[in-house]
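With chain P's structure known, arrange chain W on it following the hints.
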Amino acid sequence: MDSVPFKQQNELIPILIARKNFYQFLIFLFSEPKNNEYFIEIRDNGKMNELEEMGKGGQLLHHFFLSLTDEKIKAEKEEYSRLFLGPGPIRAPLWASFYLSKDHLLFDESTYQVRKFYHQYGLQYIKENNEPDDHLLLEIEFMVSLIDSCSEETDRFQINRLLADQIYFLTTHLLPWIPAFMKTVIKNTESQLYKGAVLLLHDFLTFDLEVLCEIKEAILE
Amino acid sequence: MKENNPITDFLKNKMLRRTFLKWSGAIGVPVVLGGIGVKQFIEYKEAHTTVSKKDIPEKIISTCSVNNCGGRCVIKAHVKDGVVVRVSTDTQEGDDLSTPPLRACVRGRNYRKMLYHPDRLKYPMKRVGKRGEGKFERITWEEAVDTIAKEVKRIGETYGPESRYDNYASGQCWGLHGGSAAVRKLLSLTGGFLNYRNDYSSGAANVATPYTYGTNNSGSSFDSLLYSKYIILWGQNPSEMIFSTPYREYLMKAKLNGAKIVVIDPRYTDTVVAFADEWIPILPTTDNALMDAMGYVIVTEKLHDQAFLDKYCIGFDEAHMPKGIDKKESVKSYLLGDKDGIAKTPEWAERICHVPADKIREIARNYATMKPAALIQGWGPQRHAFGEQFARGGAHLACLTGNVGKLGCWAAGTGYWNRANIVSPFSYENPVKASIPCFLWTKAVEMGTEMTSADGLEGTDKLKSSIKLIFNMAGNMLINQHADINKTRKLLEDESKVEFIVVSDLFMTPSAKYADILLPGTTFFERWDIGVPWCFGDYVVFGEKTIKPLYECRDEYDVFAEVAGKLGVKDKYLENGSTILDLVKESVKRTKKELDPTFPSFEEFRKKGVHHFTFNEPLIGFKKQIDDIEKNPFETPSGKIELFSKALWDLHQQEDIPAIAKYIPAWEGPSDPLKEKYPLQLIGWHYKRRCHSTYDNQEWLEEAAKQEMWLNPQDAKARGISNGDRVQVFNDRGSLVIDVRVTERIIPGVAAIPQGAWYSPNESGIDQRGSLNVLTSQRPTVLAKANPQQTNLVEVKKV
Chain P
372 MDSVPFKQQN ELIPILIARK NFYQFLIFLF SEPKNNEYFI EIRDNGKMNE
422 LEEMGKGGQL LHHFFLSLTD EKIKAEKEEY SRLFLGPGPI RAPLWASFYL
472 SKDHLLFDES TYQVRKFYHQ YGLQYIKENN EPDDHLLLEI EFMVSLIDSC
522 SEETDRFQIN RLLADQIYFL TTHLLPWIPA FMKTVIKNTE SQLYKGAVLL
572 LHDFLTFDLE VLCEIKEAIL E
Chain W
-12 MKENNPITDF LKNKMLRRTF LKWSGAIGVP VVLGGIGVKQ FIEYKEAHTT
38 VSKKDIPEKI ISTCSVNNCG GRCVIKAHVK DGVVVRVSTD TQEGDDLSTP
88 PLRACVRGRN YRKMLYHPDR LKYPMKRVGK RGEGKFERIT WEEAVDTIAK
138 EVKRIGETYG PESRYDNYAS GQCWGLHGGS AAVRKLLSLT GGFLNYRNDY
188 SSGAANVATP YTYGTNNSGS SFDSLLYSKY IILWGQNPSE MIFSTPYREY
238 LMKAKLNGAK IVVIDPRYTD TVVAFADEWI PILPTTDNAL MDAMGYVIVT
288 EKLHDQAFLD KYCIGFDEAH MPKGIDKKES VKSYLLGDKD GIAKTPEWAE
338 RICHVPADKI REIARNYATM KPAALIQGWG PQRHAFGEQF ARGGAHLACL
388 TGNVGKLGCW AAGTGYWNRA NIVSPFSYEN PVKASIPCFL WTKAVEMGTE
438 MTSADGLEGT DKLKSSIKLI FNMAGNMLIN QHADINKTRK LLEDESKVEF
488 IVVSDLFMTP SAKYADILLP GTTFFERWDI GVPWCFGDYV VFGEKTIKPL
538 YECRDEYDVF AEVAGKLGVK DKYLENGSTI LDLVKESVKR TKKELDPTFP
588 SFEEFRKKGV HHFTFNEPLI GFKKQIDDIE KNPFETPSGK IELFSKALWD
638 LHQQEDIPAI AKYIPAWEGP SDPLKEKYPL QLIGWHYKRR CHSTYDNQEW
688 LEEAAKQEMW LNPQDAKARG ISNGDRVQVF NDRGSLVIDV RVTERIIPGV
738 AAIPQGAWYS PNESGIDQRG SLNVLTSQRP TVLAKANPQQ TNLVEVKKV
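Those sequence lines, one after another, are chains P and W.
The numbers in this note's numbering rise by one with no breaks, and the one at position 149 of the first sequence is 520.
The numbers in this note's numbering rise by one with no breaks, and the one at position 363 of the second sequence is 350.
For reference, chain P alone in the conformation it holds in the complex (with noise of 0.2 Å):
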């Protein structure tokens, strides 16, 4: 086929890059909470109160950033070890098997198939039969390597086909735990950082899907 020439990247890119701040955003979030500093540095630069509009969750997150101490941070990262990481009960598994599967286990079916997604990008998790491979974080972290694919591209039929795979892999992989996880989370948290991470989450990933889809729209136009 030949090459098509995609005119419009410089167009584009500004919003794959303000996408993928966004994962990267939500990376931090769901990331085992382990430097204080990390936190501060993004209350003081990441114009907090900006989050306020972007419904529950970033409201919820607003105040949590707003009212910040080292007593705040300590009590997330047992939360997040109560939650997410253990030892013990887990409340809220960060892997997609645990809600898709029909005994909430790891290393189920919604694993082997995001793994042959991966693979089919040529990609493969450091930690395949170690880890499960349908964990949030990495699904985050495949969707970012889909936008920097993107970004790189300069054909329309490839930006186009990366689009649309985008589409794919977040109605087909990423999307469909979500809710469930999400319910799980506020059911069993009272803190404001994983409410609001989830309800982000959520709103985020539900409006992606919707900017993927214009764009890709607009695109053909």
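Check each hint, because a few of them may be wrong.
[To be verified] For lysine-lysine, the following DSS-like pairs were computed, each having C-alpha atoms within a straight-line distance of at most 27 Å: (1) W:Lys535 x P:Lys443; (2) P:Lys473 x W:Lys117; (3) W:Lys100 x P:Lys498.
[What the hints assert, rightly or not] Far from chain P, some chain W residues (derived; all Cβ distances over 10 Å): (4) Ser11; (5) Glu80; (6) Glu124; (7) Glu144; (8) Lys298; (9) Pro418; (10) Asp569; (11) Arg593; (12) Asp614; (13) Gln701.
No wet-lab data here; the hints were simulated from the structure.
Glycine residues also receive a C-beta, built at the ideal position from the N, C-alpha and C atoms.
Same frame as chain P, now just chain W:
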């Protein structure tokens, strides 16, 4: 129709104005966001092969769990692309008893769910809150190993090796290696550790039976039951706790051969349902009253085997007493009441044990006349205040009727038997000789230096230190399975007593909560091993490593090799093999060479998954002695069966350690005045959904058998309790809440809670899960210093 450049317009004007992207487009990336999250993808090398998952063949790997179940079953893991997709079990046909099928029970069917359970311990952790609070922080393996090495050294140097202790733990104990073995080797090489003796299963019997028979090997192989005419299972429940995987095959076959099977138990157990012709309900701790009355019937109706008693036994009647002992101390005199004025009649016993007198006469006559008869004693009934009497009393009955040493008989007592072994190449030699009874470890923490031989301290007159360091490897005895949880809890929470606790496990058990360093262990799917049944089985099962360890889980053997490295003893530590696989191969090689030339090679064993040892005839306990006692005396001081033990007589504690087996009313038994306040006896049982406390967190198994308490309708009615109600069960030691099942399957006056539920206190310390040991006592049995956990009085009320 849009403007010239619809995309540009759309992108610039519409999208970026939306709040989400407006913000994230404008913040730039704070430096931290770029740095968060390590890149977790690598290039997929086989990207261009087109093998789809459907084409990947399913590989079936035969393996084996090594927890503390008496059975050992074959687990077949169906593996696809490195993941266990389902498990199945032995497909061996039945009928041929030389190769009985080793099928998994309900617990074995759950293994995939255990393996991939989201709550698996995944990473090493260190405690950050108060001990027991459950607050931990993820650490690296390096930090974990460093910390352990430092503490092992520091505590050893500060308090001496006797301060270091590897606690009784049975979660991974019936293979060639495991956490405890690794720890002991390490401690042995660095000065040693305080030993323990005995166990929590048959602790009283283990000490008592040898006073009668000189050994605990009083059992016979199961195939001998095919010749029995009458079988009494006294407090034994193999249908639920399994005991030995092929046992049920033999019981079924015995029944088909016409044996009458009687089960004596406070509960109408699944074993009664499956095998029994008759259920004899009895009050806990009163078994010896029933035994005494059976003896009385047998002797007064002259159904006893006088020739057997004359030839093989000491102490039955006046004519066979040890020198210098009053003739009135004989078994016969005791039964007839010559000295105490109480004839041990069925009517006397009925008042104590609640078995009707006529029923006592009937089973006594049946047992004495339907020969050969097998009296097999479970171990639940000996876990009581005077459990020693239970083991010896059963043996008395076997001897009175001459049911010892002959095909189809069974000598009662502890009942071990064993004739099939493999070589275990992993060995250690502890330079410390001091040992305590395992049940008294909490005492050794609290006041170790004050313990004496009266507490069962052996190997030294006095300990130089109380216990300061505890390794608890794949075990729940640190709090859940030990008696009196609330007492243990206080002890462990005091960080000045035990200074350092290391736990390795699969899940966050109640014991794991008390760890200072918490290590994620492997399941049997993730390591090599050979599984052996309890002593009772003529087979071994290959444990193939099915998948690589998940997360950061590691085998303790490897972990402690690293600790040994830090302490400069790694070469010695690895002297039996540098890996677990080496140990397995060495065991196979040496077993073939040293024990059994027909034993398969490593590859053959791996392929078959199981090896059945074959024998031409049943193993009959004491056959050698009965056939020719002159040549083969019993291993007792007199060389005979000691119904009367001079050794016990010489302890001068006749009241609670009599020289012959007697009924002794138990503290917190049915005649204790404390019954006014706490009118119900409480016992536990081994539930089919758990192996001890293992699997309590497995949801599927909870569906199979819910944690609930059994209570007789009479006792329920008296308290206004209906079936399904939630009740509180309490005594002076603690309190728990549990759902109740009102059922006639339990004798009135007794409540029963399946043992092993995970202690889950609420804020006021009331256990919410039904963890039996909040109600049990740390008061040991008199002679063996064993656990009396079936001896409890409680009250129950509706909540």
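Here is how each hint holds up against the structure:
1. W:Lys535 x P:Lys443: violated, 39 Å
2. P:Lys473 x W:Lys117: violated, 37 Å
3. W:Lys100 x P:Lys498: holds, 21 Å
4. Ser11: Violated: least Cβ distance 4 Å, not greater than 10 Å.
5. Glu80: holds, 30 Å
6. Glu124: violated, 8 Å
7. Glu144: The claim stands: Glu144 of chain W keeps its Cβ more than 10 Å from every Cβ of chain P (closest is about 30 Å).
8. Lys298: holds, 61 Å
9. Pro418: At about 34 Å from chain P, Pro418 of chain W clears the 10 Å cut-off, so the statement holds.
10. Asp569: holds, 23 Å
11. Arg593: At about 21 Å from chain P, Arg593 of chain W clears the 10 Å cut-off, so the statement holds.
12. Asp614: The claim holds: Asp614 of chain W sits with its nearest Cβ about 56 Å from chain P, beyond 10 Å.
13. Gln701: Gln701 of chain W is indeed farther than 10 Å from all Cβ atoms of chain P, at 38 Å.
Taken one by one, the earlier hints fail for this structure at numbers 1, 2, 4 and 6, listed in ascending order.
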